[in-house]
Amino acid sequence: MMTVTEPAQIKDQQPAAVQTPGRGASVQVNNVSKWFGDVVAVSQVNFGVGPGVTALLGPNGSGKTTMLKMMAGLTGPSTGTITINDTVVRMHSDIYKSIGMVPEQEAVYPFLTGYEFVRLNAVMQNCAELEPSIIRAIDLVEMRDAANRRVGEYSKGMRQRIKMAAALVHDPQVIFMDEPLSGLDPRQRVRTIELIRELGNQGKVVIVSSHLLHEVQRFAEQVLVIVNGHLAASGSFRAIREKIDEHARQTLISCTSPRRMGASLLELDLAISVRIDPTRDHAIVVESNDVRELYKSIPRVAQKLDVRVFEVRSLDDSLASVFSYVTEAVR
Amino acid sequence: MNSDSAPVFWLTARQFLEGRSIRVVAVLAAVPLLLGFIEIIASGTDLQMRGILGQSFIELTIPTLLPLIALILASSAIGNEITDRTLPYLVLKPRSRFRFINEKVLASVVIGSLISIALGFLAWIILAIVSGNFDGELIVGIVVASFLAIVAYSAAFTLLSLLITRVLMAGLLYVLIWETLLARFIPGLRLLSVRHYVQSVYAQILDDASIGVSQQSAVSTSLIVLGTLVIITIVFSWLRLQQMDLD
Chain A
1 MMTVTEPAQI KDQQPAAVQT PGRGASVQVN NVSKWFGDVV AVSQVNFGVG PGVTALLGPN
61 GSGKTTMLKM MAGLTGPSTG TITINDTVVR MHSDIYKSIG MVPEQEAVYP FLTGYEFVRL
121 NAVMQNCAEL EPSIIRAIDL VEMRDAANRR VGEYSKGMRQ RIKMAAALVH DPQVIFMDEP
181 LSGLDPRQRV RTIELIRELG NQGKVVIVSS HLLHEVQRFA EQVLVIVNGH LAASGSFRAI
241 REKIDEHARQ TLISCTSPRR MGASLLELDL AISVRIDPTR DHAIVVESND VRELYKSIPR
301 VAQKLDVRVF EVRSLDDSLA SVFSYVTEAV R
Chain B
332 MNSDSAPVFW LTARQFLEGR SIRVVAVLAA VPLLLGFIEI IASGTDLQMR GILGQSFIEL
392 TIPTLLPLIA LILASSAIGN EITDRTLPYL VLKPRSRFRF INEKVLASVV IGSLISIALG
452 FLAWIILAIV SGNFDGELIV GIVVASFLAI VAYSAAFTLL SLLITRVLMA GLLYVLIWET
512 LLARFIPGLR LLSVRHYVQS VYAQILDDAS IGVSQQSAVS TSLIVLGTLV IITIVFSWLR
572 LQQMDLD
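Line by line, the protein sequences are chains A and B. Per this note's numbering, the very first residue in the first sequence carries number 1; after that it's consecutive. Per this note's numbering, the very first residue in the second sequence carries number 332; after that it's consecutive.
Chain A extracted, bound-state conformation (with noise of 0.2 Å):
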């Protein structure tokens, strides 16, 4: 369906504008930086989005949101242009017709019931069809129930919900959505990566920034991967994800003989180290460059050697260190 880049590019200099396909809508971002006096929020991204649900991903403080910020024309970029669809989305309100964007402050009128906020949206837009739109955006966000009361007496999830409704009461082309997962409980996390891939699936674009891997992984076909300001991958996820596993890893395994334990998985070429875990009773710290491998065979070794094992956790699948995996072409 689109485009980023594919296959999946691990940035070695700075990347080159990215193609998209010719139809639907688009968001094009040319050699933009962006500054805040001394500190470079941006530096020289270029990258082209086309329909589908693209994921922006870095750690925070990577500048994802500036990035964000900038597309929606909340903020003017240094230098470099950002058009939606061609057209300069700063200082063109018209364009504000195709997007919808969900912030990520929690904060709302907290006076308006929550029929209200979205309506003052709708309003706004200029909806044609006011009322069926408002109760199609509360729908789509299961806030029906709730609708008539004040957003202020809103949980935060509840609160989230209203902004998304209040985002897609126009039925924008271009949506973008700050951390949209935050604050949500399981169940509405469910729904509301159903709903961004619905979105997706109705050729719209739709550009979803996040810290969470494993949430991105969900619903984003595509992945952009900021890191310090510079754009370090993009992609399918996928592609982006094998890159990430050929890595060496680390892993924790406590069990109740760690020594025979490393000294198995070091015979078998399962582990490339082991070293006892200092902090801790019965824990080795394993580092392998095929962690499915490794974590497939653990029990089967764990059972050969009559081995009881208590936990077996990854030490660096946090963002931070996966960027860093990501990223290490361009250190």
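You can take every hint at face value.
Calculated Cβ distances over 12 Å to all of chain B for the following chain A residues:
1. Ile135
2. Arg136
3. Arg149
4. Ser155
5. Pro186
6. Glu194
7. Glu198
8. Gly203
9. Ser254
10. Ser257
11. Arg260
12. Asp269
13. Ile272
14. Lys296
15. Pro299
Short, incomplete list of chain A residues facing chain B, as computed with Cβ under 7 Å:
16. Ser93
17. Phe111
18. Leu120
19. Val123
No wet-lab data here; the hints were simulated from the structure. Glycine is no exception: its CB is placed at the ideal position from the N, C-alpha and C atoms.
Position chain B relative to chain A; hints supplied.
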């Protein structure tokens, strides 16, 4: 004008009415009423309408109370939305930001004028009933001057709230130091204060030798200066909103 034709105006007006700032505004606007009661207690029916209400309006209400009322409303109209980061909900829309600024200023003007004029009128009617002197020129002067001051200060403080973050503090310093002190006592600075032009209009409506303004400007000049100030500040507010980075 319904909520669909001017949604930002209605939202802002409702924001005022639901917030705490409206109570502070009401207290400030009630000061002339309080002074009236004190005068009634002190003088009984032998009070001078122009002596108490007319003079306090030119000495206290115009230079201090009205700008404070406008400051509180105008700073919360946009400043609070910048602080709590709700502004994107209103500006990321296919609507002109010039219209947005106008609706914001209008909300400050309507709420600020209604409260200050209503309480000014209440003070006037109570004093008029007690004294038996229904001074028509005085109430016209109060209504016109209140409206002009609220319009001019609301536009100016709206711009200020887009330029700096601590708008309430900066506005307070401006009101108390510039409008209340410097522009009052330093002759050349008078012509650079909103207070002077509002006082000039007020004094000429009253046409009373006991209520005068030094270096008084003509009504037409005052209206032109105040009108120009409003237009310039609204245009600059619009330009600033176009350029500024929003969180």
